[in-house]
Each structure stands twice: as C-alpha cells, then as structure tokens.
Amino acid sequence: MYYSFGALCESRMAARLFRRVQGLFCVYKPPGVHWKLVRDTVETNLLQELNASAARPVPREVRYLLSQSCTGDGPKALTLSAASVPVLSEHPLVTGPDFQRIRVGVGHRLDAFSSGVLVLGVGNANKALNDLYSPRVTRDYTVEGEFGTATDDFSNLGRVIERSTYDHITRDKLERILAMLQGVNQKALLTYSKVDMRTQEAYEMAVQGLLGPEDKSVPILLGLRCIRFEPPNFTLEIQVLNETQKYLRKVVHEIGLELRSTAVCKSIRRTRDGRFTVHHALTRNQWTAAEIMKAIQQYHTTKKRTRVIQEQNELHDKKQDTTHSQSTTDKVDAVV
Amino acid sequence: MALSLKACSRAARISASVLSPFKSLTTFKENLNGSKVFAVVSEMQNSSWHQDFHTSCVLQSATKEALDVDANVEPSALEEIDDDEAVTISLPTALPPSSTSLKDYVDESETLSKLVQLGVNLWKLEQRPNVGSMLLRLDFETDVAPKLLFLKDIGVEDSRFGYIITHNPFILTESLENLETRVNYLKSKKFNLDTIASMVSKAPYLLNFSVKRLDNRMGFYQQQLNLSVANTRNIISRLPRLLCASLEPVKENLKVCEIELGFKKNEIQHIVLAVPKVLTANKKKLIQIFDLLHNTMQVPHHLIVKFPQVLNTKYLRVKERHMFLEYLGKAQYDPAQPNYIALNNLISLPDESFCSDLASKSPRQQFSQSNMASRAPAASGRLLLGVRKWYYSLSGFNKIGLMREDTLHEDADVKEALRRLPENVYNDRMFRIKRALDLTMKMQILPRASGLNTKRMSIICLHIWKRSSVKGRRGKNG
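So the sequence lines, in the order shown, correspond to chains A and B.
Quick note on full-length UniProt numbering: the first sequence kicks off at 1 and runs consecutively.
Quick note on full-length UniProt numbering: the second sequence kicks off at 1 and runs consecutively.
The hints are simulated quantities; they were obtained by calculation from the structure and are not laboratory data.
Ideal Cβ placement from N, Cα and C applies to all residues, glycine included.
Mixed in with the good hints, there may be bad ones.
As the list claims (entries may be wrong) - Label pairs and their in silico Cβ distance ranges:
| # | chain 1 | residue 1 | chain 2 | residue 2 | range |
| --- | --- | --- | --- | --- | --- |
| 1 | A | T301 | B | N234 | 53 to 63 angstroms |
| 2 | A | A179 | B | Y340 | 44 to 54 angstroms |
| 3 | B | S246 | A | R136 | 34 to 44 angstroms |
| 4 | A | A290 | B | E174 | 42 to 52 angstroms |
| 5 | A | G209 | B | K285 | 25 to 35 angstroms |
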C-alpha cells in the first residue's frame, strides 16, 4: 500500500521527512553482495525511520452507549449516554504501519562480484535516474588483474581452465597492448557517433567532446591506463560507456591472451558513475535517513553550483564574441 | 435523543450470514402492525470500558397467514412510536458480511478490541489464512480470558501477552487441560516455574506441542549431543525454539559441523553449550563464515572452539574488519606471536573501540579504507621506494656493480668534487669502476647471490660533494 497523504496530515513530521528523503544519492556496494540486497536494506531502513516518526494518537469519537439505570425495572429503563471512545479501527496495530513501501530505484547495476558506487533514487527522483542512462554519462572503474590463470568466468573465483607463465611480460609490452585496445575503441567511438568524419560538424563535436553513440551500443572504452604493474598483479583504470562488469572481466582475459599468457580479474571497483564519485558514496553504517538527506542536499548544491558556473561561462563567451566582432570592425575602419 | 432510530431500524435488512460471528439471542417481538417479526439481537457482555452495545437485525419472516404480496407488511418509517421503544431499537451498524480486513469488525467485537488493547498486532494476523475468522469467532470470557489467566499463573508477564498471541494465535484455541498437562510435564523434567515462563515467552508455540513430541525432542538433543540432563535443560531453557522447530535442519547442521567443518564430537558439544543457536543456524551461512575464518584468516579449529560466538556473527562484519586489519598489516590471530588479536575482540568490540584499540585509526578511516581499500595508494613511502628500486634496476649499471654517481660524466664540477672526496670513498669508487670495466670486457654481470645487484642507491655522497663544488665555483664568479 502506498502511503496516502491524507492520512498523514496529522503527522506532519513524517510527511516533511518523506519529502526531504526524495532525491538521488549514491552508496558504496560491498563486494559479494547482490545489488538488490543493498536496495532492500536501504528501503527497510528508510521505512523504519519514517514509521517511527509517524506515530500519531488514535482518534477518538463520541458514541452514544446504552447504560443500565439503577432504578430500572426491565429493559424499558435504558438510557443513552455520550462517551468519548477511541476508534480502534484507526489504531496502528489494526491498520498496519503508515508507510509500507517506498519506491527506491537503482541506477546502473553492479553484479555481485564487483564493488563501488551504486546510485539510488527515492520516490520522485526515480525519474531523474533515467538521465543517468543517457550515453553522455560515463563510468570509471579500477580493475585488478592477475597473470597466470584463465578461468571460465574470467574472475579469480571461477573454475581454472588454463595456467601459463608470465615472466616474459614487461610493463612496456602491457602498455603497447593497452594502446592497441584504446585505438580500436576510439575507432568504434567514431563509427558509432554516426557523423561523417570529413565534415566541419564532426570537428566541432570532437573538440567539445560530444562524439559518441546516441543510443545503446557495444561497450566502448574511452580511457584505459595501467596504474600499477607488479607481476603477476596489475591494476587498470578504465573509463567506459554502455558496459557490463562481465565485459570488463573479458577485457582483462583478452589482455592476457594478447600478451601470450593468461589473466583473470581479481576485483572490479566502480569509482565514478556520472557525477557521483567514491567520495560521495555512503558506507554501510551510513544508510540512515539523516545521512541520506545530507547526501541529497550535497548533490543539489553541487548541481546548482555547476549550473551557475556554466551560465557564467556562457555569458563570458558571449561577451568575448561581441568584443571580438567589435575589434574586427575597428580594424576594418582603420584600414579604410 | 432525536436520532433517526426509527427510520434506521425499520429500513435495516441484514442477511443471516452476518449473524454467525456473534452469539445471538433471539427474541420474539410483535411490531405495531401485528405481523410477527423475528428480531435477532446479539448481546455483547459487559466490559469495563465498553458499555452494552446492541446490534439488532430485523428480518421479515413468513407468518402463519398466507403470503399476501399486496399487503402492507412493513410499517411505515414515518410512524410514531413512543420514547421507550425508540431507545431500545438501537442503531445497527452496517457490518459487511465478509471483509479482507479485521478493522471493519474491531469496533464492534469485544474480543478484537480487547486483543488490540493487549497489544496483539491484528494487521499481521489477518494476513495469515483463516486466523482472522478464527479470532472473530472467539468469545472473550469463555475462550480467551481463561488462557490468559493461566499464562499469568505460570508467571508470564502481562506485557508479553501481545507478543505471544501475535506469533501464536492458536494458543487461544488449545484446550486448558492440554496446556496444564504440558506445563506439568516440563515441571516433572525439573524445569522451575520461572524458566518455564521465560520459555513460553520466548517460544510462543511451545505449549501447542503434545507431551510426546516435547519428550521426543528433549531425548534427541540429549542423545545426539551426548549431554547430561542438566546441560540439556540449560540449552533448552536458553533456546526453547529448539523444542518447537523440526529436527531435520538440526540433524543436517550437526552433520555439517562434523563432516564438512571437521569439528570433533567434544568440540561440537562445547560449541553448542556456549552458543546453542548454531543448531538452528542457516547451513550456508555457517559454512561461509567458517570458510572465511579457517581458510582466509587461517584460524585453526581449536581457536574457533575457544571463541564459539564467532560462528554466530554477521559475515560481512568479520570480513570487513579482517580486510581492514590486513590492509594495516595487523591481521595476526595466532596467540603465540606478538600483536595477537583475539577473535572475540575482533567481533564484539564496537567500531569506536575497535579502531582506537586494535587498529589505532578513526572509524571513518576504517569504513572508508576497508570498503574502499584503495589498492592504488598515490604516494606512500613504501610504494615510491618500490618504484625507485624498479627504475633503478631497469637501468643496467647496477648489474655490473656501479652506483649512479659512478656513471656521471666528468665535467669540471665533477672533477672538483672528486678531488674533494675522502680517501676511502675515492678508493671504493675506483674499485667499482675497475670491476665494471672488467665485467664489460668479459660480457658478464655480477652473480645474483652476491646481492650486489640490488644494492640501494647511495645516499648521494658524491652528489653532495658535487653540489658543494658547484656552489664554490658560483661563489667565486657571482
């Protein structure tokens, strides 16, 4: 049963709390846990706090009750008296809690093996979650790999299929393979952006960084870099579009193959999803209404700030254009 | 009392199905027109706060005379009656004949109202099939009150009645003799009355089981675990749920402990005596946490037996704390070694004291680091040193035994610095250069075992000399 606003008018605190809890925020999903469990836990915590704050007194009504008069001689001597009686059909033990469900939606999902930033939206903010799915929004991952084994699901928890040596692998070789991968992905990016590369329009889009697929496409790695290399372990930093975590593990596997060895993925950690980074993520002990409200507030202020800065930049650009055009006209006059 | 009682009473026609929940008392009443009317009046008993409340349902019935369809059987609603009769004809409430929720009946039913006052969660109970109708059919004085008084006699507190009835509404339909027999059986097994009260309080279904079943269960635990009678009593009084739940999961758990986890029989006994919940725990979770403790944290069996509460904790809690300690390099669970961290401290300390005592970090750091254990620290001293070492070995000169300063190009400043070197340092440098020239001629490198390949970079003595010589030169000129 969704909460009915009418029934809560008496408990204004709960209504206020509910309004403030609606928004977008991100949590840190620990590895080994299904994303649905995280979403359910957050929903349960919010429901508990809202129901606790919505405690209102049982309404009373006046009823006319029959009372036996002392001098009565039989049923004819009955009188009615008014009494204020609690209406038990409105008692919380009979109606159930006020809040029975809150719509908590999840942005880009994370599978049970990975960890990292998971964006959640509450109530009306679920509509904004759709914007996260736009192709302009990218994600950052930190992927750890290990040379020497190949498994069936490309992770270190799978069934081992093959083992190989990795002494021949140097950082230099790894960098070369990563560069090759990046080149392939850059090409895919250009292909999927559906503009003719020889036009001025394409150049302007490329300058502004607007090249990219419009709709769903294959996963495209926008950036790929090796942060750490201590054989057999290595760490990559990846920026990616339209991906799944299985694809990232496959990338690690393929890197192993390209290096004439084998590799498995040890951990995947999402450090950024759109505008939400690991620094904004709420840890497990912070999944309470108060912390969520704070996180939502922070997100609103940063959004406002960036919007203000953007507008200022636009104004600045416009001013520059006008001054530039003015100076050209002056020059022309001077020449003449 | 100018209520429209007349109109309501005359107009009310309620079907017979509504009458079933309530005890009815039929009275024969002649109405003013002379035709016989059955008035079914349901009578609620006197209660302390709820006065007599009559519901009257009026049914038209066929009389002895032949049915005359055109005759005006019903008296008119505008007919006048005297005040006494008006008072007796009370307002019937429009009770729905059937409903999905008990809240339509709770204001009229004495039983339901009293149950709500006791704290029974009717909303939860009505979701269970058939329980709502069962509760409606109960009569408070004859069905509910004796059982509650019986529970009170045993010693169960009044505040627990709501909890007990919410979890086990069928205690109200169990006959009183059965309840007494079972309590007597428990007393005969030497449970004292307080224990029995707490057992009933903690496991509401306890008294619904027959004596034979309770006996069976107690015998099972005594045999399987090889416990003495006193110990069996102990674990059952602490976890009375053991007598209520089915035995198959318990048998499986015991098998898991013995075969899969590898505990010996006396170890299992000890664990169960300390933490009886292990018998009813989820099998998968038990295996998961044991796997973490034994295989990842390398804790041997005897240590787990020493701290059996570890098997009862949340998996994520242990995992996070262990990962945090591992990141700090303090994950040491062997009592023979220094910096030993006891398992009970690991799990039972709250976050604040865990961080300050064991890890000496702030809790925010603990959560952020154990969760986001940054596997790529930007510039920690150890990592930087590693990078430098790696880079140093990448350049080949240390393989032939040279230090970086030995490879400097000899310009004027270097020559001056060399002139200022103390004699022993100069002799070492000369020896190294000679050895390197020899190795290059023979196309060899220094053997690995000598450890000279991985010699650290010198703390720049020549560099200092060089710098001072440069300064000196500049000093002269500018």
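Checklist entry - Any of the earlier hints contradicted here, and which numbers? => result 3 and 5
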